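Student: Based on the sequences and whatever the hints tell you, model everything.
Listed here are the chains, written in short residue letters.
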Amino acid sequence: MKVFRRLAYPYILWMSIMIVIPMLLIILYAFSKEGNDVATLSFTFAHFIKFFTDPAFLNTLWLSLRIALITTIFCIFIGYPIAYAIAQSSIKKRTFYILLITLPMWINMLVRTYAWIGILSDNGLINQILSFFHLPTTQLLYTDFAVILGMIYNFLPFMILQIYSSLAKMDKSLLEAANDLGANRWQRFLKITLPLSLPGVISGITLVFLPSVSSFVIPKLLGGGGYLLIGNIIETQFITVGEWNFGSAISMIMAMIIMLSMYVTRKFDKRNTGNKRGDLS
Amino acid sequence: MNTLIQFKNIVKDFDGQLVLKGVNLDIYENEFVTLLGPSGCGKTTLLRILGGFLKQSEGQVIFDGQEISEVPPYKREVNTVFQKYALFPHMNVYENIAFGLQIKKMSKDVIEQKVMKMLKLIGLEGYEQKNVNVLSGGQQQRIAIARALINEPKVLLLDEPLAALDLKLRKEMQYELKKIQQEVGITFLYVTHDQEEALTMSDKIVVMKDGEIQQVGTPIDIYNEPENRYVANFIGESNIVSAIMVDDYKVCFDDLLFTCVDYGFKKNEKVDVVIRPEDLDIVEVQDGKLTGVVKSVLFKGVHYEIMVETVPGTTVTVMMNVTREHDIVNEEAGEKMSANDFYVDIEDVKDLNDAEIIARADAQAWNPESDEYISISKIEYDILEEVGTYPVEFMTSSGTSVTINVMVVQQQYVENPKANEAISAFNFFKTVDELKESTAIDTDLKTWANAQGWKLSDESIVEIESVEYDFDPETIQVGTYKVTFSTQGRQFKIHTTDVSEVGKEVGLSFYPEDIHVMSKKGY
Numbered sequence: 083m084k085v086f087r088r089l090a091y092p093y094i095l096w097m098s099i100m101i102v103i104p105m106l107l108i109i110l111y112a113f114s115k116e117g118n119d120v121a122t123l124s125f126t127f128a129h130f131i132k133f134f135t136d137p138a139f140l141n142t143l144w145l146s147l148r149i150a151l152i153t154t155i156f157c158i159f160i161g162y163p164i165a166y167a168i169a170q171s172s173i174k175k176r177t178f179y180i181l182l183i184t185l186p187m188w189i190n191m192l193v194r195t196y197a198w199i200g201i202l203s204d205n206g207l208i209n210q211i212l213s214f215f216h217l218p219t220t221q222l223l224y225t226d227f228a229v230i231l232g233m234i235y236n237f238l239p240f241m242i243l244q245i246y247s248s249l250a251k252m253d254k255s256l257l258e259a260a261n262d263l264g265a266n267r268w269q270r271f272l273k274i275t276l277p278l279s280l281p282g283v284i285s286g287i288t289l290v291f292l293p294s295v296s297s298f299v300i301p302k303l304l305g306g307g308g309y310l311l312i313g314n315i316i317e318t319q320f321i322t323v324g325e326w327n328f329g330s331a332i333s334m335i336m337a338m339i340i341m342l343s344m345y346v347t348r349k350f351d352k353r354n355t356g357n358k359r360g361d362l363s
Numbered sequence: 012m013n014t015l016i017q018f019k020n021i022v023k024d025f026d027g028q029l030v031l032k033g034v035n036l037d038i039y040e041n042e043f044v045t046l047l048g049p050s051g052c053g054k055t056t057l058l059r060i061l062g063g064f065l066k067q068s069e070g071q072v073i074f075d076g077q078e079i080s081e082v083p084p085y086k087r088e089v090n091t092v093f094q095k096y097a098l099f100p101h102m103n104v105y106e107n108i109a110f111g112l113q114i115k116k117m118s119k120d121v122i123e124q125k126v127m128k129m130l131k132l133i134g135l136e137g138y139e140q141k142n143v144n145v146l147s148g149g150q151q152q153r154i155a156i157a158r159a160l161i162n163e164p165k166v167l168l169l170d171e172p173l174a175a176l177d178l179k180l181r182k183e184m185q186y187e188l189k190k191i192q193q194e195v196g197i198t199f200l201y202v203t204h205d206q207e208e209a210l211t212m213s214d215k216i217v218v219m220k221d222g223e224i225q226q227v228g229t230p231i232d233i234y235n236e237p238e239n240r241y242v243a244n245f246i247g248e249s250n251i252v253s254a255i256m257v258d259d260y261k262v263c264f265d266d267l268l269f270t271c272v273d274y275g276f277k278k279n280e281k282v283d284v285v286i287r288p289e290d291l292d293i294v295e296v297q298d299g300k301l302t303g304v305v306k307s308v309l310f311k312g313v314h315y316e317i318m319v320e321t322v323p324g325t326t327v328t329v330m331m332n333v334t335r336e337h338d339i340v341n342e343e344a345g346e347k348m349s350a351n352d353f354y355v356d357i358e359d360v361k362d363l364n365d366a367e368i369i370a371r372a373d374a375q376a377w378n379p380e381s382d383e384y385i386s387i388s389k390i391e392y393d394i395l396e397e398v399g400t401y402p403v404e405f406m407t408s409s410g411t412s413v414t415i416n417v418m419v420v421q422q423q424y425v426e427n428p429k430a431n432e433a434i435s436a437f438n439f440f441k442t443v444d445e446l447k448e449s450t451a452i453d454t455d456l457k458t459w460a461n462a463q464g465w466k467l468s469d470e471s472i473v474e475i476e477s478v479e480y481d482f483d484p485e486t487i488q489v490g491t492y493k494v495t496f497s498t499q500g501r502q503f504k505i506h507t508t509d510v511s512e513v514g515k516e517v518g519l520s521f522y523p524e525d526i527h528v529m530s531k532k533g534y
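Chain order of the listed sequences is A and B. Just so you know, we're using my numbering here: the first sequence kicks off at 83 and counts up by one. Just so you know, we're using my numbering here: the second sequence kicks off at 12 and counts up by one.
Just so you know, these hints were derived from the structure itself, not from any lab. Quick caveat, the model's predicted, so the values are computed rather than measured. Honestly, I wouldn't trust all of these hints.
[As the list claims (entries may be wrong)] Among chain B residues calculated to face chain A with C-beta under 8 Å, some are:
#, residue
1, Asn90
2, Ala97
3, Phe110
4, Lys115
[To be verified] Here are the in silico distance ranges between beta carbons for each label pair:
#, chain 1, residue 1, chain 2, residue 2, range
5, B, Lys19, A, Leu151, 58 to 64 Å
6, A, Met187, B, Asp382, 53 to 59 Å
7, B, Asp469, A, Arg176, 49 to 55 Å
8, A, Leu272, B, Lys19, 34 to 40 Å
9, A, Tyr196, B, Met117, 44 to 50 Å
10, B, Met117, A, Phe271, 18 to 24 Å
11, A, Met187, B, Gly76, 57 to 63 Å
12, A, Leu276, B, Lys311, 22 to 28 Å
13, A, Ile152, B, Met117, 39 to 45 Å
14, B, Asp24, A, Leu272, 34 to 40 Å
15, B, Gln124, A, Trp268, 24 to 30 Å
Even glycine gets a Cβ: it sits at the ideal position worked out from N, Cα and C.
Tutor: Structural data, given as structure tokens:
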């Protein structure tokens, strides 16, 4: 056993260098004054105060959370029926459908998002079709709609795969038992399938909400230059403005929000899939 | 009793493979019916058709006077206890049992009353708030039964419900299930492959095989009056003997005539006779209807299981000529060659061809340096269909040759009319090395001597049970050895509380009603 444990050392070293140390640095930056080097470090809350007292930042945070929430809700309602349909199909077809779902992920996200610009722009595919039928064209690109659409498009596969895997591993005899006990298809779905697939939905939510709340590429491309989400602000602080300390502070705030939301969903998850009243023994 | 369920000519195929081949079965109210058979016999398929999870390819299912093939499972008045229980993991014991009633939208207090009554019936009071995932197999089983019974079905379907439990618990649950069935007074349709389970619980047993019903009857009927060899073998232990029904009440086996209680067969019809091991008694030789020698005595706890051979097996002895290494060496070509003399039956001469002769003579040529085989390119022989000795020459392309003798003989075989069998074998030649290299000497001796046994009546193969010889293949020398092949004799299995000694000559006694004659039809 000791030999095996020793095999983990390089991995631990790698993790420390690549994950733990950068995170510690972010915390260090977030709580230290501008222009400090490590030797003359001085501690401050100023960056956090700055963020929480400026309504512009708070509005951006609110917008980010709202967009992410809307994306997640849409992903659930679009993803669940698709996952359900895949899980119902024959095993041969399943593999094919799963391939179809994962296929776009083989192409770089940036390229796929650029493609949407072509579709949504004023002279893009949709507007051309509209004008072909002599319908009024409309501004699609650089709107909330475009950003949410881009996010749904990019993150939907994660939701589908998570829900699908929890549906696929469900014991079919449970469904037969529900039928046998008098439940019709709809009752069976509500009482058995849905509650048992919730863990999949929960992990789907985590996988969709987290990247969409901190995404900066999609809002930048589909929302336009002036469209700011919290991810864009962090990016600007680091790359354009050069205020690494403030950027680190916002990153930390985001990390806290994400951890909090994960904690809440996990709690919700446990309450639903574990035993509600039981666990006495 | 009223007929509750009628299966009428049920046929079911899965992708062209017939699983049920026209099943007709009536099930009455209040019956404990068991579908018994090995896996793949179609018993679970029949159950699932009644449950509504499968649809038959042909035939009708009449339930309470109505054809129900188009009725979906949730509208049928049947409930199922699934093999792996299929309890809902996200619900506690109470919610699991109450499921069916909640679907029916019964009022809360009625549900509570009924659930409590069910918990009492299955002896799990106080467990209502428990998580079903932490319960033992036996407890989960009971909850599955309660969950089904609470809906007050007319039939409860049970699909091997005890298969996952250990032996002791299984026995307990057998009594429990029977008790529950009598208490609630509904029909239980039970599927199992365990004959003991079926005998213990059922009012009616349906023995199935390959999608067909073999016999329907009470446990006592099925045990005492099996309809054919298959049923007799499947239910309990039995001695099954081929016999001839000479006349009504007269059956002949082992060359002896016995009185029995069976009638209605054709004169001299070939039949199977079953005698249960516990119906045979070991007595003194002069008092026995059959006599034999004790072959083995096994202690089985409650009784001894004694095997008595009433008809000895058939035996043939042949000579094995062990010769020295006789490889022919061709130094120039760098080749070695070998072949054995062999015997052949005069009737088989016409079947001899080059390949057959090479195989029988075990003719080989090889390069001693590289150990590679060299093909034999030419065989010269002139074997007539007359008794005699004929030379055969094998040659390779580089001119190495070996000559052997083939002895055409009249085949000797031993007939044993009493046991209805015959056995034959040939003398043969082998080298010391071949014997030493053999890893499965018994099988090799059978092959080398071409030892065969067959039934006199229909020439079907009779297994050669034992090979006896008095040499040690590891240390064998050149010479001639006897090898004896024999078939297994007729053995009877006896269950008795009296011990006996191996090798003792004993008599077997039984009553005419212990002989049960079965038709050979289909088997």
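Student: Falls inside 49 to 55 Å, the C-beta gap from Asp469 (chain B) to Arg176 (chain A)?
Tutor: 53 Å, holds
Student: Does Ala97 (chain B) pass the interface hint, meaning its C-beta sits closer than 8 Å to a C-beta of chain A?
Tutor: 4 Å, holds
Student: Identify whether the interface hint at Lys115 (chain B) stands, where standing means a beta carbon of chain A within less than 8 Å of its own.
Tutor: 6 Å, holds
Student: Within 22 to 28 Å: is that where the Cβ-Cβ distance between Leu276 (chain A) and Lys311 (chain B) falls?
Tutor: 55 Å, violated
Student: Range first: 58 to 64 Å. Now tell me if the beta carbons of Lys19 (chain B) and Leu151 (chain A) are that far apart.
Tutor: 59 Å, holds
Student: Quick check on a hinted range of 57 to 63 Å for Met187 (chain A) and Gly76 (chain B), using CB atoms only.
Tutor: The hinted range 57 to 63 Å holds for Met187 (chain A) and Gly76 (chain B), with Cβ atoms some 58 Å apart.
Student: Per the hint of 44 to 50 Å, is the separation of the Cβ atoms of Tyr196 (chain A) and Met117 (chain B) within bounds?
Tutor: 59 Å, violated
Student: Could you tell me whether the CB distance from Asp24 (chain B) to Leu272 (chain A) stays inside 34 to 40 Å?
Tutor: 35 Å, holds
Student: Take the C-beta atom of Met117 (chain B) and the C-beta atom of Phe271 (chain A), compute their distance, and say whether it sits inside 18 to 24 Å.
Tutor: 21 Å, holds
Student: Phe110 (chain B) was flagged as interface toward chain A. Is the shortest Cβ-Cβ separation under 8 Å?
Tutor: Where the cut-off is 8 Å and the nearest Cβ of chain A is about 5 Å from Phe110 (chain B), the hint holds.
Student: Taking the CB of Ile152 (chain A) and the CB of Met117 (chain B), does the distance hold inside 39 to 45 Å?
Tutor: Because 41 Å falls inside the window, the suggested range holds.
Student: Closer than 8 Å between Cβ atoms is the bar; does Asn90 (chain B) clear it against chain A? Give me holds or violated.
Tutor: Holds, about 6 Å.
Checked against the numbered hints given earlier, this structure breaks hints 9, 12; the rest are met.
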